[in-house]
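Chains X and W, in that order, give the protein sequences. Taking the numbering used here, I'd label the letters of the first sequence as residues 1 to 501. Taking the numbering used here, I'd label the letters of the second sequence as residues 1001 to 1501.
Do not rely on the hints blindly, as some may be mistaken.
Unchecked claim - Now the stretches of chain X that chain W is said to cover, found in silico as 3 or more residues with beta-carbon under 8 Å:
id: 1; segment: 13-24
id: 2; segment: 31-37
id: 3; segment: 170-178
Just so you know, the hints here were simulated from the structure itself, not pulled from any lab data. As the structure is a computational prediction, the values presented were derived from the model and not from experiment. Glycine is no exception: its CB is placed at the ideal position from the N, C-alpha and C atoms.
There are 2 protein chains.
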Amino acid sequence: MHPTKSAFEELVVHLRRVQTLESAADLLGWDEQVNLPELGAAQRGEQLAALAEVIHGVSSAPRTGELIAVLSGAGAEQTDDMRAVLAQARRDYERATRLPVHFVREKATQASHGYHAWAAARAAGDFGKYAPVLEKNIDLARREAAYLGRSDAPYDHFLDYNDPGMTASAVSRLFTELKRDLLPLMRSIVAAAGPAQPSPLKGLTEEAQKSFLSDVTARIGFDYRRGRIDVSLHPFCSGSGDDVRMTTRFKKDEPLDALFSAIHEAGHGIYEQGLPASRWRGTALGMHAGMAVHESQSRLWENQVARSRGFWRFFEPRLRALFPGGAAEVGSEDLYRAINAVAATPIRVESDEVTYNLHIILRFELEQRLFSGDLAVGGLPAAWRELARELLGLEISSDREGVLQDVHWSGGAFGYFPSYCLGNMIASQLWYRALSQRPALEEDFARGDFSWLLQWLRENVHAQGRRWDALTLVKRVTGEDLSPQPLVRYLRERYGSLYLG
Amino acid sequence: MHPTKSAFEELVVHLRRVQTLESAADLLGWDEQVNLPELGAAQRGEQLAALAEVIHGVSSAPRTGELIAVLSGAGAEQTDDMRAVLAQARRDYERATRLPVHFVREKATQASHGYHAWAAARAAGDFGKYAPVLEKNIDLARREAAYLGRSDAPYDHFLDYNDPGMTASAVSRLFTELKRDLLPLMRSIVAAAGPAQPSPLKGLTEEAQKSFLSDVTARIGFDYRRGRIDVSLHPFCSGSGDDVRMTTRFKKDEPLDALFSAIHEAGHGIYEQGLPASRWRGTALGMHAGMAVHESQSRLWENQVARSRGFWRFFEPRLRALFPGGAAEVGSEDLYRAINAVAATPIRVESDEVTYNLHIILRFELEQRLFSGDLAVGGLPAAWRELARELLGLEISSDREGVLQDVHWSGGAFGYFPSYCLGNMIASQLWYRALSQRPALEEDFARGDFSWLLQWLRENVHAQGRRWDALTLVKRVTGEDLSPQPLVRYLRERYGSLYLG
Chain X
1 MHPTKSAFEE LVVHLRRVQT LESAADLLGW DEQVNLPELG AAQRGEQLAA
51 LAEVIHGVSS APRTGELIAV LSGAGAEQTD DMRAVLAQAR RDYERATRLP
101 VHFVREKATQ ASHGYHAWAA ARAAGDFGKY APVLEKNIDL ARREAAYLGR
151 SDAPYDHFLD YNDPGMTASA VSRLFTELKR DLLPLMRSIV AAAGPAQPSP
201 LKGLTEEAQK SFLSDVTARI GFDYRRGRID VSLHPFCSGS GDDVRMTTRF
251 KKDEPLDALF SAIHEAGHGI YEQGLPASRW RGTALGMHAG MAVHESQSRL
301 WENQVARSRG FWRFFEPRLR ALFPGGAAEV GSEDLYRAIN AVAATPIRVE
351 SDEVTYNLHI ILRFELEQRL FSGDLAVGGL PAAWRELARE LLGLEISSDR
401 EGVLQDVHWS GGAFGYFPSY CLGNMIASQL WYRALSQRPA LEEDFARGDF
451 SWLLQWLREN VHAQGRRWDA LTLVKRVTGE DLSPQPLVRY LRERYGSLYL
501 G
Chain W
1001 MHPTKSAFEE LVVHLRRVQT LESAADLLGW DEQVNLPELG AAQRGEQLAA
1051 LAEVIHGVSS APRTGELIAV LSGAGAEQTD DMRAVLAQAR RDYERATRLP
1101 VHFVREKATQ ASHGYHAWAA ARAAGDFGKY APVLEKNIDL ARREAAYLGR
1151 SDAPYDHFLD YNDPGMTASA VSRLFTELKR DLLPLMRSIV AAAGPAQPSP
1201 LKGLTEEAQK SFLSDVTARI GFDYRRGRID VSLHPFCSGS GDDVRMTTRF
1251 KKDEPLDALF SAIHEAGHGI YEQGLPASRW RGTALGMHAG MAVHESQSRL
1301 WENQVARSRG FWRFFEPRLR ALFPGGAAEV GSEDLYRAIN AVAATPIRVE
1351 SDEVTYNLHI ILRFELEQRL FSGDLAVGGL PAAWRELARE LLGLEISSDR
1401 EGVLQDVHWS GGAFGYFPSY CLGNMIASQL WYRALSQRPA LEEDFARGDF
1451 SWLLQWLREN VHAQGRRWDA LTLVKRVTGE DLSPQPLVRY LRERYGSLYL
1501 G
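Okay, chain X solo, but in the shape it has when bound:
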């Protein structure tokens, strides 16, 4: 074998081994949330810490550095595949070798401590208990960026960590335009929709809910021979390749909650199942393209697809069949409105897709100011309230409904929130591109046929792995730069037609 090719194959084997060990740790993490006995947490923590240390050792093995050097050398002939794999391998290797072990340990300890401090502060509604954690986490974040050569722009470092190539200025440009167009639209829809209503569908057993959502998620494309669904407190999706695991939770009087959670997680799962893992697992070519693209896949199925009229033409009779008397007291239009209810709420995870993006813009603006030094941690609660008033028209009465609501910052996850909104933008832009190629998509859905859309996503997004960053991927697939306009158009079409007549 040519020496470049042989070094490349050795690197691929090595990266697959790292991913294999990481996936073992992932399974322990899944199990922790789904199955762990009440008193098993300390032991599980010990297992995960031991695995993390092993994985760090394997990831930072000097041989990896040698292979990367050989493949980056002047004499190495590179294909496109090799270039993509090498870029990500270099990125991961630098992260593994530049962050000192003592720092990684300090960050892990602080993340665990931060989680518990946050949970206690949230329960007590006492931001003062949480502030020192946030200060320490921001300090750690700055140090991490410095170790990785980004002390000039620590917030950019975190955006780029979640979404390769993303910068604060790019996000800022997109969010500013979105805010300009979404704010007036959101205000008129929220005003027209009126106050939130309870779900019209009551009293569906967990068994019936599970049977329905399994049917839905299997039909849209989640392969249950290569994955499963279980119950956890907070829905999530983990795993990869031939073992993708998603969770949901059941509320007897809100069957739409479990259903849409499951469709969302199935969107993540379908993406993971569509990555070219058998050849490329662990490398850039077998890896998702970042959190924004991941989120676009969950949102597209959850929103563009599963909140459409076509989708419900097929599934409404199936859902009604689970109720004695077919839930005849609930009219079709009431059901469709319940599925697409809009009302501003202080809590991000309870919000609808019209207001959701403003929750993200709020967090992005605060994160920028925290990292630029414009805003001190002590000023966060007031700044949060001010933005909630400006963006959502809400008066936040308690920090539990404000700055204490999200877990992310407690574990040092900065620069993560933007990917939720970027994912919504990408989902809309992909959606209109797909629709332009197959205008009859909703008619497919009305027949329970999701195969054209699935195949289109498989080819255009899933099969590409992390060959390109999010912005490049969107440009290649849709022919346009990423823009908030498709999202605004989608929200106007769906919710304008429903609420603004």
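Following the hints, put chain W in place on chain X, whose structure we already have.
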């Protein structure tokens, strides 16, 4: 800290780390049998292989050898605890370092190949397909023994691997005596019991069965805050410390099957939960004393306890409450006979506790002859039939009901079967010792109180870990050498009184 003490503490930390990684692999093994999606097997195999390699690397790290050498040196002052820990650490380190990596890999590959070849041969009832696997496995077993310095007595090596200190001559002496006394007793009980009868308890839902067996296993002492029960094809128990996982399986018309499987596995689980893990996990002091003692714990709860009249005085009304009409058509004595049914059957795992031990003696005799060279693999089916006739009075019509029935040899697990029967002997000997100290044990059970027995086992067996080997442990707890006589006495008392009147 004194240098010996400091080296010892370093060794303890190291051994705990090895066990922690092993327990992560265990969890993946549990998950494979309980949760794995249909197409996830290859990926799981890759994860387990990667973890096995990591664990081998950590176990055989030169620093371990240095610590063992320091602690074994002339100047080292050893306590009893240190001696026990050191002996096991040396044993494990020698195994990790003396078996070459290529051999470990060859054995693992062959175990996987052997399993599939066995499954295919069993399905086809074709021993010819299985014979080459067995020949290869015996060859590998001899090579393993040679690497570990036991080429003189490869079978002893495997007995000792499963039960430290055990030898073929010790087992042979015990089994010969057992056979002499058990054979005539078994023959008269089987003759008196007549042909096997179907279970009198029909049609119990899985939910009702699960609720009943959860109640039973919790009352005898399995702590569900530190463990759980799930469903798998073959019942087993895995995990350790604060996360012990057992499984059972449900058959609608045989509720006693799931129940007794669960009690058996709960016995294993109660033992694991009782080991002094927080201080000693991974060392001899926090480790079970070998497979025979492990089996004694499962059998004691399953048989001596859960087949007793006292036990059923408490649980019979609870079981009846699950049936409409209280299963009034089944009399109490019929129920008790169903619980203690006896009938010779060709299949070990379906056999009752009177005939069970003869299934083990059959396998022990064949294993001895295979390793001594007296018996070639080709002669196994005929030798099996002959022994089944002699020991169980059965004519084996197909190898599926003979030599092809067990999975053990397909993976190279030789010298394992004897621990099942040794476990039965130990259980009986422990039982009579406990009874001599508290004659009212069955009256405890009749009140649903198992705490005295549990506490007695906690102190005398569980808290001891692997401080002593099985023979020493039995001698210390009961004051007598291990003997088959308590088992014979127990079977005579329970089954003689039931069937021989």
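Results for each hint:
1. Here's how the segment 13-24 of chain X fares: 5 of its residues keep a CB closer than 8 Å to some CB of chain W, so the rule of at least three is met and the hint holds.
2. Here the segment 31-37 of chain X counts 4 residues with a CB under 8 Å from a CB of chain W, which clears the bar of 3, and the coverage holds.
3. Under a criterion of three residues with beta carbons nearer than 8 Å to beta carbons of chain W, the stated coverage of the segment 170-178 of chain X fails, only 0 such residues being counted.
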